[in-house]
Structures are given as C-alpha cells and as structure tokens.
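Following the hints, complete the assembly by docking chain B onto the known chain A.
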Amino acid sequence: MFAPKHILLAACTACTLTITPALAQQRYNLGRPATPAEIAGWDIDVKADGTGLPKGRGTVAAGAAIFAEKCAACHGAKGEGSVANKLAGGGGTLNTAGALKTVGSFWPYPTTLFDYIRRAMPHNAPQSLKSDEVYSLTAFILNVNGVIDAKAEMNQATLPKVQMPNKGGFKQVVD
Amino acid sequence: MDQTLERRAPAEEARAPNPRRAFLRRGAALTTAAGLLGAGRAEALEPEKAAPALLPPNVPPWTRSQGGPFINPPYGLPSRHEVGVVRVLPQPAAAFPTGSRTPLQNLHGIITPSGLVYERHHAGVPDIDPNAHRLMLHGLVERPMMFTMEDLARFPSVSRIHFLECSGNSSAELKKPTGKTAQEIHGLLSCCEWTGVALSTVLQEAGIKRDAKWVLAEGADGAAMTRSVPLGKALDDALLVYAQNGEMLRPEQGYPLRLFLPGFEGNMSVKWLRRLKLGTEPFETREETAAYTDLLPDGTSLQFTFHMEAKSVITFPSGGQKLKARGFYEISGLAWTGRGKVKRVEVTLDGGKTWVEARLQEPVLSKALARFRLPWQWDGGPALIASRCIDDTGTQPGMGEVLKLRGANSNYHNNAIQYWKIDADGSVQNVRA
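So the protein lines, in turn, are chains A and B. With the numbering used here, letter number 133 in the first sequence gets 133, and the count goes up by one each step, no holes. So the numbering used here is basically just the index in the second sequence, starting at one, shifted up by 175.
Here are the computed lysine to aspartate or glutamate pairs in the EDC-like style, where the Cα-Cα straight-line distance is at most 16 Å: (1) A/K171 <-> B/D473; (2) B/K516 <-> B/D412; (3) B/K499 <-> B/E223; (4) A/K167 <-> B/D473; (5) B/K388 <-> A/D175; (6) B/K497 <-> B/D554; (7) A/K171 <-> B/E456.
Beyond 10 Å from chain B on every Cβ pair, some chain A residues (computed): (8) G56; (9) A62; (10) A68; (11) E69; (12) G89; (13) D132; (14) G146; (15) D149; (16) K151; (17) E153; (18) N155; (19) V162.
Don't read these hints as lab results, they were simulated from the structure. Note that the Cβ used here is the ideal one computed from N, Cα and C, for glycine as well.
Excised from the complex, chain A in its bound form (with noise of 0.2 Å):
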C-alpha cells in the first residue's frame, strides 16, 4: 500500500528483488565484444568504496578557482545557491519544516559527489572537467559545508574516508 509497511517488510523483499536465479536461456549471437578502450572511455561512476576514482588529486585552493570561473555563476560564490541549487548549508534542518537538503546537509557518500561533477556539471559543458578538476572542486564543496579542512587534498585514497554528516541518515528499503 505504501512506504511505512515497506519498512517493515524490507527484509524480505529486498531478497526477492535481488536474487539471482539460475540462468540457462538461449543466446541469440546478437551484438559484439566490447573493447576495454571502449569501455575505458565510458565508465564513469564511481562507487561508494571509492572504487572508480581516477588517478590524480585535488585542494580546495583550486577548486576555489575553478569554481569561481565555472561554477558560481549558477550555484552562488560559496555554493550558496544562485539560478541553481544550493550546495552548501541546511545543517541540522532535516527535521524540521524547513527542510534544506544540500551536499553537506544531507549526501550521504562524499564519492557521489565527485560521480555527480565529473558526469554531470558544469551544466552547461557536461564531461567536459578534467580528474584534477573534479577532485579540487569536489574539495571545494566538502570545504564550504565544513566537512573537511581547507589544507586537505582529495584523491582516490583520501576521498572515500571522508565522512559526510548524514552518512547515517538513509534506511534502505529496497521495494
């Protein structure tokens, strides 16, 4: 019917929902081999164990920078919230009416981040950021939502450690 029962039942539905059955079905020989360049070119996401980040790294110096140049126009000098999202801000508001879910209010994985800006942003020239950009910038947001110091430099060992403020705020449903 709806979502409280949902809690409830997860347990068991989440089994239904991800079980593997054994599989022995035909194959139809359509399609080729995919390339590990190919691949290469398009694997993009990047899990919450870090698995996925590229090499290279990032600060918060630079990501001021390149925020200011490529970022802020929309999303306000300090993430503040401009034409588009806030990115900063909203701590401690979860539960109340006024509600205000931001990168460091309410992500619950630093990693999404860095997914989300190297697939996605700046919006008007998606993919078109280079790793250490995406690292400094990523840097940046965690920095102005005061989840890590402003000397800390990100890569693809420090940025997974990261702990986000509502890392323990999500219940998983899976239904």
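What follows is chain B alone, placed relative to chain A:
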C-alpha cells in the same frame, strides 16, 4: 527540487488546457468555442453559442463543400479545435525547467498519446543519431558486449501497456493544496504501449556472473542519468524499449532506447540508455541519494523506495472544470498501482463518509492505468468527491495518513486521496478533506 514542478502562475493559464472543457469528454464532434476564438486557447464546449447558420434546419459549410486534402500534414495532428490540449510547464518558469505535465482531465481511456506524455529531464532532450547510438553492457558479466539499435531490434520483441509516473508527482500537495487542475497536480503520469526486448534476454547474451546483484543504468544525455536497479527487477519484467504507442520513442521519451521498469518510479526508467553495468551493490548515484529519497519527519530518509503505490484521481469532474447544470454526469477517473492490478476503485460523494464501488473498464492490466466510471445525478448542491484505489496490498491512504507516516518533507511517493469540492455554482476545486 521537484517541488518547483508544482507551481503555475496565471500567465500560464492562457496556454494551459482550459479547465472548463468539462463537456469535451462527452465526445461529441461539435464546433467548440476554441475554434471560434482561434488557436492557442481551448474553451469549454459551448454548443448554445454556435451560430444559427451552422445549425439545423441549415446545412453547415462543411457539408456543402469538399474537405481538406489527404496527408495534410503527413504526420497527422489533432483537430485545430483541440489546440489547448497540451502539456504545460510549471510556472513561474524555473531557470532550469524540470518537467512538463500530461493533461489528464482532457484524456479518455487509458492510453496517453505520445505527444502528451509527461517529460522529466535533467539536462534537456538530446538529439541522438540512432546509427551512432550504442548500448554497452559490462561489469559482472561473462562477456562485455556492445549493441547497436539494429542488434537490439533483432532480438525477440515484446509489447506491454504500462503507466509511468514520476515519484515527484503530486508532491507540492504535501505542504498544502497547490495545483488547480488534475494536470497540474497529478500530470507527471502517463500510460503507453511500450515495445522492446526483455532486459533479461539481453543480459543472457552477456552472461550474468553469480555475484551480480544490481544493475547500473546510465543515459547518454548531458546528465548521464544513472540509477541502480536490483537484478531481480531486471530479470523480472524490465524492458529495453525503442517504441511507444506503435512508433519509435519520442526524443523526449528516450529515443532511440530507454530502460522501462514497470511499476517503478519513472526516474529509474533511464532514457537515452547507453550503458548497463552489473555490480554487487547499489552504485549510490546522486539520483538515489541526494534526490529520489524520501525525507521523513525525524530527519532520516528512505532510500530505494521503488514502487509507485496504489493511487487514483477523478479526472471528471476535476479541479478547474465547471458543471453547467444539474442532472446526469458520469464521474470518471484513473487508478493505478505499481504493485500489479487495480482490484477495485471506490468513490465518495460526501467527503469520505460513504464509498461506492466504481465500474472498471476491462481489461484491467497489470501496472497500467485503469479507467473507472460511476454514473451520477448532480442535484445542484455542494459535493466533496474523491476516489480511492484498492490493490493487493491495501487501500490508497488519505492525506492525513500520508502526512502522519511520511511527513510533508518526503517530497516523493505522495499517493494520497485527491478530493475535489464542487460548489453550488458547479465550479470544482482542489481541496484537502
């Protein structure tokens, strides 16, 4: 953010389907006031205003002359008198518009014409050359594969009728009654016949590794939209669709290829599908963490609430329409559930005190819109009408129940009962009962 979808300003009214088109649903082939007023505005049918020269005993000009030519235009259009039946954007216009809405109150039966299917994009509508479109399938598979559209069209195909609903549909109503018409409030809802290949068939082609549990679906648009889909759903009834209502997908519906997950929130049916990657866990993308998660009153959120639950709405009479005179009307509306088939629809005429069973149009299809109808004599007095959908899992909840359990910040999956208040002057309004 989806809340911005819910507002429309008066400026939009001029272009919006006119709410007072109530009598159009009678299906009579009559000249409408819209035609007399010219394009761009649809008015309620006003047969009493037709010029006497067009009425018996006179014979109108369209009977005394040859009509227009064939294939004019080659891809046919609705009558010029129906120009007001269009999708609308929320107003005031957002800097980055998010979605357009289906004119539910102007539609008949259960199929949404392709040109009226709601849109929700995150980076506009890409113009994709089907010859240059590829589907990559990799991750936990035996054989990473690449498919052209030609390859995909060669697989055994399947056609199914299913609804598609954005989980942000009706969300502004959680705060207060906001929209005026069924379109504004519930128009992120459509239903089409979808044709493509079963996703399970294509996954077999690559061979699924034993530890695979989730499938990442990614679009080729500027948002590179990504969602994680449980493998169980992928192997159950998921489709890779390339056609809709008998023709190739419309660009705004994912041309040339979209994932289609019957009964799940619309965002997961990733459009312009370019990549599927199998993994052991959900991929925790922005659209399943920052967005499309349901914030509860205690500040925690539900994640992966995929099913669109039992819901219904009366589309006639509905918000913004007007009943001209007392007498017979057929109450009509739509019911649906992502859990399977609609079992029953009940209608109240007295604000929820008593409920009567409406008639369902057969066949009732699984995870499709169902049309319900109830004959009604309007006595000219005020009435508070609503419908509720019953499926295998229970009865559609009232707003009070939804707010108690999910809260006004939950933003997604509002399936509360919609009440319409009919005043003695026949006008119909969106209210909370």
